[in-house]
Each structure stands twice: as structure tokens, then as C-alpha cells.
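Note that the protein sequences, when read in sequence, are chains A and B. The opening residue of the first sequence carries number 1 in our numbering; numbering runs sequentially from there. The opening residue of the second sequence carries number 1 in our numbering; numbering runs sequentially from there.
Bear in mind the hints are in silico, worked out from the structure with no lab data behind them. One or more hints might be untrue.
Stated by the list, open to error - When the alpha-carbon atoms are kept at most 25 Å apart in a straight line, the in silico DMTMM-like pairs for lysine to aspartate or glutamate are as follows:
#1 K226/B to D63/A
#2 K19/A to D127/B
#3 K19/A to D376/B
#4 K19/A to E321/B
#5 K93/A to D274/B
#6 K19/A to E271/B
Claimed, not checked - Counterexamples of contact, computed for chain B against chain A with all Cβ distances above 10 Å:
#7 Q353
#8 E387
#9 L413
To be verified - Now the stretches of chain A that chain B is said to cover, found in silico as 3 or more residues with beta-carbon under 8 Å:
#10 3-16
#11 21-34
#12 47-59
#13 78-85
#14 88-94
None of these values were measured; they are calculated from a predicted model. Yeah, the Cβ is synthetic: ideal placement off N, Cα and C, and Gly gets one too.
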Amino acid sequence: MELKEVPLHAVAHARAGDKGNRGNISLMPYDPALYPVLAEQVTEARVLALFAHRGATRCVRYDLPLIHAFNFVIDDVLEGGVNGSLNLDGHGKSLSFRLLSLTVRIPDAG
Amino acid sequence: MSELFLVGNASGFSGDRIDAAPPVVRALVRSGKPAALFFECLAERTIALAQIEKRRDPEAGYEPMLERLLEPILADCARAGIPILGNFGAANPVAAARCVARLARRLGIEDLRIGVVTGDDVSGSVDLGNLAAHETDAGFDMSSWTMISANAYIGAAPLAEALSRGAQVVVAGRTSDPSLAIAPLMHHYGWAEDDWQALAAGAACGHLLECGSQVTGGVFWDPGFKDIPDPANIGFPIAEVSPDGSMVITKPWDTGGLVDLRSVKEQLLYELHDPAAYLTPDVVMDITGVTMEQLGRDRVALRGVRGHPRPDRLKVTACYEGSWLGEGEVSVAGPNTLARARATADVLLQRVQQRGLARRARADLIGVSAVHDSDDGALWRSYDGPEPPDIRIRLAVETSTRDDADQAAREVLAMLCCGTAGTSGARWRVTPRLLTRSFLVPREMVPIEVRVLEARAWN
Chain A
1 MELKEVPLHA VAHARAGDKG NRGNISLMPY DPALYPVLAE QVTEARVLAL FAHRGATRCV
61 RYDLPLIHAF NFVIDDVLEG GVNGSLNLDG HGKSLSFRLL SLTVRIPDAG
Chain B
1 MSELFLVGNA SGFSGDRIDA APPVVRALVR SGKPAALFFE CLAERTIALA QIEKRRDPEA
61 GYEPMLERLL EPILADCARA GIPILGNFGA ANPVAAARCV ARLARRLGIE DLRIGVVTGD
121 DVSGSVDLGN LAAHETDAGF DMSSWTMISA NAYIGAAPLA EALSRGAQVV VAGRTSDPSL
181 AIAPLMHHYG WAEDDWQALA AGAACGHLLE CGSQVTGGVF WDPGFKDIPD PANIGFPIAE
241 VSPDGSMVIT KPWDTGGLVD LRSVKEQLLY ELHDPAAYLT PDVVMDITGV TMEQLGRDRV
301 ALRGVRGHPR PDRLKVTACY EGSWLGEGEV SVAGPNTLAR ARATADVLLQ RVQQRGLARR
361 ARADLIGVSA VHDSDDGALW RSYDGPEPPD IRIRLAVETS TRDDADQAAR EVLAMLCCGT
421 AGTSGARWRV TPRLLTRSFL VPREMVPIEV RVLEARAWN
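So that you can see chain B by itself, here it is in the shape it has in the complex:
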């Protein structure tokens, strides 16, 4: 087969821009080439939050924007033969499939074939206590934690199977992100499950596209240094993949953003550790031999990805209810701002300690130093630059109980009367903290099921 296959992406995380898909689908249709579209909607914690939703309502627990994401493009994709894949099933892929089916029926496409991949949820089937923790997580005492969710990162093969059974929409829960792009390529080109070179090219395609606009100008633009056209309407990415595994990264012509060597390099290395060994459930990707070339406006060619045999075991990430986060903020501005802000931070920390409310506490001086700082405020305490005009003081605590978090956060509120002169603008909130740990699980412990039914049959 010599024809190109196009892979488009229309979401990089749950919470991404809701109107990304239509320009991508228009470009895929206009190309006249075989193509697929995928949505990546599932960060580490998203699935735990979805699991909590599902406990509350057995028909919830999937991507809340699912209908809104698919409605503008579902009929066009079905008509053009462009399958849609997504991990928008989250904690409840079957309920998500029913949602897609309801939408399809409403749009008059009752024969739309919807595939569901289940089995990634191992919370009831695998005893994680006996398994080795992932290398970055070793050495934590988890004895007091309550597990909310445990999901295996499954690979592309079950998704490709759904496509081979005619699925026009494939709904999955936890998959590895690149697998959402590998699956349609496997299906189209007939790649074998041990064709490491081909699968690695697919993994590179998936890795470059899985964060949506991050390869087309998102989290890239830096005014005056890396400017992009129309940042309010960044186009989402399309990869034109050749049968030999080389590819061109591009985007819809009528959108903002850009694709150039800089944006592609940034995304190629994003969340990557050893460039010779990027682990996915399908293949180990090696980008040390990659070369790139700018072919024209918004077109970057990439070749030279190498593949090595996939890992024996699957990664399982479990989420636990661990503790509570209390946060509060208050502002000071004008003359002597820095001294008032530092004193406010110190008093808040003292109050929390005095009352024995927190296991851990931190103060930030937003406007002086916050996100780059440490829990002990090393940077704002040693700051000797010019006095900022306006500083927001933030207190953050980790506590064992909700009430302790609330009480600690309310210390910020009390500063409206007890604080330094000119203190104002208090806000506070309490959120449950989800802790995650990863494990490695033998593949045979994660049986996967694929079902494909027409929209009219999903009830």
C-alpha cells in the first residue's frame, strides 16, 4: 500500500478547547485520503474523579463533554468513513457508548457501529499489594490509603480489533495515549503486533499528537520570542503517515498556531525521559536517530524512529483517597508590600502550626515567588529584588481531615481583621487529595473485551 494514512487529533486532555474538531475533520475530509480522528481525554487523576462520579451515578463516570465534542463532527466522520477513537470512556466506557448511541440516534445514524473496549479497570481483579511498585514510586507507606481506582494502560491491539469489526467510533477507558493513534495505523496498514519498527512510528505519531495543540503552538508561544498566528484559534494536529513509517506533521490550513521544527521538537521530548527507551504497552520507542525537515509552511517531516520489543508487563496506575488540601489567599499592595506579605505568610504558618492543623504547610508570595519556589519558601525568603506593586499570599496545607483543611484555610479569612494593614481579597477552598501510585502487572492478568454494536442496539 503506498497511499498515506492521516491521523487527526481533536483533544489533548479532558478540559481542552471544545471546538477543536471541526477544522480537523474538514481537513481530513478534504484530503480525500483514508484517515482517523482521536480524542485524548484522560490524565492520571481524571479516571479517579470519574470513578467517584460513577459511584454517585452508575450512568456517569465518562468524559462529561463527550456529547458536546462529538455532536458537530459525528455525522461527517461517519459519512466520510473516518473512525473516531477516544479514551473518553474513562471509568465507564459502556455508559459512554450508550451516550454516543443516543447522540447517533438523535442525528439519524442508527446504524453507526460503536465499539467498546473494557478490561482496563483492574480495581476488583488484581491485588496490587503483592506487586512491585513502579520505579518512581518505590518506598511509600500506603497502608492508610483507600483505593478509588486502578486501571491498566492497555495497548492498541483491542482498539484495532474494534476497527476491524467495523467500529466507526471506538470508546475506551484507560489506554496508553499513543495507542489511540497506533490502532488505526495498525488496522489500515495491517501491522503485526511485533513489527517494532512500524509500531514505533505509530507511537511517535501518537506521542506528537496526543497533547493536541501542544505540537501546533500551544504551550509554545512566547510573545516576542516565539510568536504564533491567532493563538485564540490554534489548529489541532494532523499526521500524514507513510507506509514506511515516515510522517509529516501539519494542521488545518484555516486555523491559528503553527507547525515548525521548534514546536515539533518541544513536543517530541515532552514527558520523555531516556530518548532511546520511551515505554508504551505496544512498543519501546527510540528517537535518538530521528531527523526532521521543514517542508513548507506548517509542514514538518520526521523520520528515523526506531522500535524495540514492548515491555513484558503493563503499567497499572491506582488512585487513592489520601488526605485533604486546604488553600487560602489574601492580597496586599502599595507601599511596604513585601514586608507586609512576608509577615502575613509567617503568621499564617505560625497559626496553622500552633493549632496543630496540618501535616504539611506552605506559603507562597504570588508576585514574588510561587511556582518555582519550594515548600519552605527558599526563593521568596531570600528575594532581594525590587518591591512588587501587588502581592497575593497563598497558604496551602495537607491535612488528615476535611475539617482540619477547612479550619486551616479559614485562617486566611481571619486575616481580614487580624492581618497587616490593608489586607484584603480573601478566598479559600478545600479539596480532597488523590494520590496515585503505579505498578507493573503481567499482561495475562488484564483480560480485555471488545464489543461492537450498532447505535440502535446500545441501550
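With the rest of the complex left out, here is chain A:
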């Protein structure tokens, strides 16, 4: 089957939260059929690389197949967290949309 490359934002939604200097980002495909595709392509390594410029040290992905969701937990991504960061977004709540800018290759329905 033909594949096309799209930003995650076209096929999935996400929300970011914080605790200290650790962030989490949930990721859910709109179509549950894409769950295995995202599971294969949105890896811990790719997500960690997306936040390498912020000094992120570790990324763990928890899979929740019953509700077709992933939870990425990223250590040291908040440059000190809400109380220590110089970033306007000390909570890192905008970071879900950096994840959604990552591209994936999905089956092209034509």
C-alpha cells in the first residue's frame, strides 16, 4: 500500500502536563486503526530527540491499548520546571504541539 507522510497533528491529539522537571505528553490517534502505526513510529528515541535541545535525558512510553492512548514521560525537559525555568511556558503545556509536529507515514487511502 502507498504511504504518505503527515504531521501527527493531522491524525492524533495530545495533551501535556508537568510535575517538577518532568513532563508528560499523552498521544491518541483519532482513528484507533492507526494505533499500531503510531506504536511503531512514535518511538521513545524519536520523542527524546525532539526535546534534546531542552536537555531532556530520558523518555519512557507507556502504552494503553484499551483506550488507544500513549503516555510519554520525559525527564529534565522543563529547564527547571515551573518554578525554575526562564521559559514563558514553565509548565511545558505547549509541548504537546511540538510532539504533534512530528511526522508519521500512514497508509494513503487515496
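Based on the hints, put chain B in the right spot on chain A.
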């Protein structure tokens, strides 16, 4: 007991929309079912700011919007037997109770029973220096910091006790957020303190509702992708909880926003790390077996939450006066914007460094890259996309003294004359920085007191 119990939420943080409660209360009353309403008003730093207020004025230090939040609904809730719970006591729950009492007397409900839960403030009683730091906070040198506040996240049991003693309003300081929903469920269904399955269902209910509109369309809507009705009037959430721990998340029918599988999933995972072990003082919640079903418009059923025994120790978060934040912004626009913005940022950083003002400094190019960027500007420095029409340059510094922060921020002001061509729109400000650290404390070091008095008796 087979009847449903309804839990409504009317605030997700201190600063939330002030008019959220009335539609929720109308829906709870109209249901005719037993119900409770809670307000979550206390973020990590809110309590430290409240502690500073309390030092200035011994009758301050609680949620400043308290009266405004409760006035439209207090009489209706009292009449309908809907208890109100909130951590709106912040650093001064007793003063908050007096505020509620004054309001009740003004509204003619002098016999309103107001409960207060105190003991979470451990700043004078626990020596944190000897305790283990929380895992995310290990390895910081805090020797030069001055502590402002230290509060334990207490659980649902004292809140439930206040309800069992007839409290119609329960005023607390630092509680764990989900406990505000667990408490009325514990009280109504008679759940034991070690009924982990039941408590975990309560924790899920609290977790889904504690951020208010975040489960009903707030921080969810994304125009063209996730549209919601009437985002100016998002309805706040209601959970219909069954005795078996399953629940339906919904919202008042006459409000904006929505409840669907997408909004509930986003909130279920919000600020959650290991989905098998979400820690609260009441129970460890495990959502790995959760399933959801859309039952109808704005109605999502959720079941399968599992519970594990609660942690032995309580989390204490302490806030410290650590340093100062200086910020300044200035704008450029039109031809050659990007080059002028980059040069402005570099000069500001150079000035701050030259004068030895800051321990740490950062520049952002708002309109190119800011919130996703790093302190060293990795993204805006490497940006090679189209030239934006308008860029705002922001300088942010961390300094040891207020004066250094002010001097650094004023470097932005000086750019009005010394900056690149067409520089304008300077704004700057200085704010004290609060640093927080968390510790784990044995439960017996945090004795909790519950008092319940009628409005006429709170003076």
C-alpha cells in the same frame, strides 16, 4: 445502596472562570440525586503566595475569590443538601471559614455548618532538612534558600469526617486534589479507608474533575480539528458515580464545551506518569484496565479502575524564596525583521553578561520560537523559515537581588534609543521567584484537626 452519587466541580485552579458554579449546581439540584460540589483552587505555588499574604495580614492568605465563588450558589446548595468542599483555605483555612461564615450570615443562613480541616501546614513542625527529597528533586543545593511554606498533601479521611459531622461547607488547605472528590463519596457510600478498589474509583473521579473544564473541552479545543460548542461558556464537569465504582462523566446541558472519548482520555492521562501507579495519599490508582464508552451526547462511561494500597508517607511540598526574575520585551516589525530581532537578542544577552547582572539569562524571539525553545535559543538561532512580519524579543534573567533583576530588565528599555532601527514597545517587570521542593514525610508527623461550627459561631 444502589443510587448514584453525583460529584460536580466548579473550579480547576485559583484563577479559573468565576461563573462556573451556577450551571453545575442547577444540574445537580435538577437531578434530584445526592450530590456534592468541589472547588480546586490550589496549585503548588499558590499556597506560598498565600503564605506571603498571610504574613502581611493575619486575616488574609486564602483564596481571594472565595466570596465571589460561593455567593451565587451557597444558599441553593445548603437548601438542596449539597455539601461544598474546597482547598480554598490555602494558607489560612480558619480565616477562610470566617469569610464563609460572614457570607452565610449575610445570606441569612446562620445555621450553616462550616467545617475546617487544619494540620497540613508543617512549616513550623517538621524539620525537612533531615528528610529524603522526592525523586524528581534530588540533588539540589538548597542551603541559601529561605523557606516560605511547607504543606503536606493530606487525604480524604478528615474531609469525610467533617461531612459526617454535618459540615455543609468543608474548608481545607493543602489536600491532594482527588481527595476533594473522594471525601464525599467515602462519606456517602461508607467506603473504608482501605477499600482500595472503591477509593481508586473515587481518585479517578477526582482526577478527571479536578481541573474543571479540562475534561469538558478546555485546553482541548483546536479549531478545525477539535471544535467545541460555545468556548466562551464551557460547562464544568459532573461525575455520576455508581456504588460499584463505574462512572459517567457529563456536564450541565445548558453550557458550552463537550464531553467525549477524546476529552476524557486527554484528562485521564493529564499529569500522569506510570499509568499503573498514580499516587494519591488515599490510594494508588491504576488505569491500565480502564475502558470507556460514549453513551450519548456529552456522556462518557468509564470503568475498570484498579486500586492498590496507599503510600506509607505523605508528600510535603515546601516553597522557598530563591532568587529574582527580571523580564523585558521589545518589538520589531517589517523588512529585515529577523536580522534585527536576532541582533537585538544578542546585544541584550551581551549587555547582561558584560554588567555581571545575571546568574542565568535567556532570549526568546516571540513569533519565531519561544515556548518550545531552550535557554540557549537553539531553535530561533537555527530557524531558516520565512521571515515573520512582526517579532517580539524577550529577555529573561535569574538574579540574586531585586536590583540586579531590575537593572537587567531595564536593558530592554534602553534599546528604545540604543537598539536597532525601528525598535519599540518596551515593557519590563521584576518578580520574586519561588522555588519548590518536595519531601516524603511519615503520616504520624502530620496530625490533622477537624472542626465544625455553625456560621453564627465562627468569629
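Are there three or more residues in the stretch 47-59 of chain A whose C-beta lies closer than 8 Å to some C-beta of chain B?
-> As far as the stretch 47-59 of chain A goes, the hint holds, because 3 residues have Cβ atoms under 8 Å from chain B.
Are the Cα positions of K226/B and D63/A separated by 25 Å at most?
-> holds, 23 Å
Interface-negative label, E387/B against chain A, beta-carbon threshold 10 Å | At about 20 Å from chain A, E387/B clears the 10 Å cut-off, so the statement holds.
Is the nearest Cβ of chain A still more than 10 Å from the Cβ of Q353/B?
-> holds, 15 Å
Coverage of the stretch 21-34 of chain A by chain B, judged on three or more residues with CB within 8 Å = holds (count 6)
Regarding the pair K19/A and D127/B, is the alpha-carbon distance no greater than 25 Å?
-> holds, 24 Å
Status of L413/B, Cβ more than 10 Å from any chain A Cβ | Given a closest Cβ separation of 19 Å, the condition holds.
Mind checking the alpha carbons of K19/A and E271/B for me, to see if they're no more than 25 Å apart?
-> holds, 7 Å
Is it true that the CA of K19/A sits at most 25 Å from the CA of D376/B?
-> Holds. K19/A to D376/B sits at ~23 Å (cutoff 25 Å).
Cβ contact check, 8 Å cutoff: the stretch 3-16 of chain A against chain B, three residues minimum | Coverage by chain B holds here, the residue count being 4 at a Cβ distance below 8 Å.
Given the hint that K19/A pairs with E321/B, does the C-alpha gap stay at or below 25 Å?
-> holds, 20 Å
Taking only the CA atoms, is the gap from K93/A to D274/B under or equal to 25 Å?
-> OK: K93/A and D274/B at ~19 Å, within 25 Å.
Going down the numbered hints, you'll see the structure goes against none, and every one checks out.
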